[in-house]
Amino acid sequence: MVVNNINIYSEILRKLDKLYPEIKSNLNFNTPFEFYVAIVLAAQCTDEKVNAVTKELFKRIKSFEDLDSIPLEELEEAIHPTGFYHNKAKALKEGAKYIIKNFNSTLPNNFDDLIKIPGLGRKSAYAILGYVFNKSAIVVDTHVKRLAVRLGLVKKGDPITVEKEIALNVEEKDWFKLSYMLNQHGRLMCTAKNPKCQECILNDICPKVGISKNK
DNA sequence: CTCCCGATAT
DNA sequence: ATATCAGGAG
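The first sequence begins at 1 in full-length UniProt numbering and counts up by one.
In short, the hints are calculated from the structure, not lab data.
Cβ atoms here follow ideal geometry from the backbone N, Cα and C, with glycine treated the same way.
Please note: incorrect hints may appear among the correct ones.
[Claimed, not checked] The calculated lysine-lysine pairs, modelled on PhoX-like cross-linking and capped at a C-alpha distance of 25 Å, are: (1) 135 x 177; (2) 15 x 193; (3) 155 x 101; (4) 208 x 164; (5) 156 x 208; (6) 156 x 177; (7) 49 x 62; (8) 15 x 55; (9) 135 x 164.
[As the list claims (entries may be wrong)] What follows is a set of in silico ranges between Cβ atoms, one per label pair, in the way DEER data are often shown: (10) 81 x 193: 21 to 27 Å; (11) 86 x 112: 45 to 51 Å; (12) 199 x 102: 45 to 51 Å; (13) 11 x 65: 47 to 53 Å; (14) 56 x 84: 15 to 21 Å; (15) 199 x 60: 38 to 44 Å; (16) 21 x 142: 20 to 26 Å; (17) 13 x 66: 25 to 31 Å; (18) 10 x 134: 20 to 26 Å; (19) 136 x 198: 32 to 38 Å; (20) 59 x 142: 39 to 45 Å; (21) 155 x 187: 33 to 39 Å.
Required output: the full structure, derived from the provided sequences and hints.
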C-alpha cells in the first residue's frame, strides 16, 4: 500500500461512482440466452444498433434450440445492421450448437467454459459473468482499454495487461464495477475522438488532459 | 498480422 | 474519397 500518495484506482472508483452509481448493461436483454446473442452481436458494433436488431429478433428466437434451427440466411438478414453478419450468424449458430451439446442448453457460469464457446472471446465471456451471473469480472472492451492507457494505468493497452493491472490494484469486489464505470465514461465523456477533457471529473488526475488538441 | 461489414465523420 | 469505430477467429 502506498501511504503518502493518492491511490489513483480509489480516486477513479470514488469519482466515477458518483456519475455511474448503478451497474446496468446498455444491451437490452431478459434472459441469459438473450444476453449471449446480444454480446456476440455487440462485437465491433454499438450497443444501440444491437438493441435495434434484437428487439425483433428475440420475438423469433427464444432458446439455443431456436438459434440452432433458424436458417443461416434468415439469421444473417435479421442481424445485418450490426455488421460482420456472416461471421456473427455463423458464430451464433456454432455457439448454440456447442452449448446444446456440451452444456445441456444452458449458458455456463464460469470463464473456462464460456471461453470455449465459438464466438465468445475474453471480453464477451467476462461480460456474461458480470451482467448475467453477477460474478466478479473485468470486462476490457475498447473503451476500458482506451481509458486505462489515457489514465496511465497501463503502458500497453492489450486487454490481458489491463485485466492483470486492475486485478492487481483493485479489490475483487470492485473489478466489475470499475470496468463498467470506465466503459460508461469512455462512451459518454472520454470518447475516442474529441474527449471532453474540460468537463471530465477525472481531469485533475489524468495525465492526458487536453489530448483532443493534438492528434 | 489480416479478414470480416457498414454507418458516420472528415 | 478516405478514416474511424466496435472483438473475435485464423
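Hint by hint, here is what the structure shows:
1. 135 x 177: The hint holds at about 11 Å.
2. 15 x 193: Holds, at roughly 22 Å.
3. 155 x 101: violated (41 Å)
4. 208 x 164: Roughly 22 Å between the alpha carbons, so the hint for residue 208 and residue 164 holds.
5. 156 x 208: Given that 25 Å is the threshold and the Cα spacing comes to 15 Å, the pair holds.
6. 156 x 177: holds (22 Å)
7. 49 x 62: holds (19 Å)
8. 15 x 55: violated (34 Å)
9. 135 x 164: holds (17 Å)
10. 81 x 193: 21 to 27 Å: holds (22 Å)
11. 86 x 112: 45 to 51 Å: violated (28 Å)
12. 199 x 102: 45 to 51 Å: holds (48 Å)
13. 11 x 65: 47 to 53 Å: Taking Cβ atoms as reference, residue 11 and residue 65 lie about 48 Å apart, which means the hint holds.
14. 56 x 84: 15 to 21 Å: Given range 15 to 21 Å: holds, Cβ gap about 19 Å.
15. 199 x 60: 38 to 44 Å: For residue 60 against residue 199, whose Cβ atoms are near 42 Å apart, the range 38 to 44 Å holds.
16. 21 x 142: 20 to 26 Å: This hint holds: roughly 24 Å between Cβ atoms.
17. 13 x 66: 25 to 31 Å: violated (40 Å)
18. 10 x 134: 20 to 26 Å: Roughly 23 Å apart at Cβ, these two residues keep to the hinted range, so it holds.
19. 136 x 198: 32 to 38 Å: holds (34 Å)
20. 59 x 142: 39 to 45 Å: violated (30 Å)
21. 155 x 187: 33 to 39 Å: violated (24 Å)
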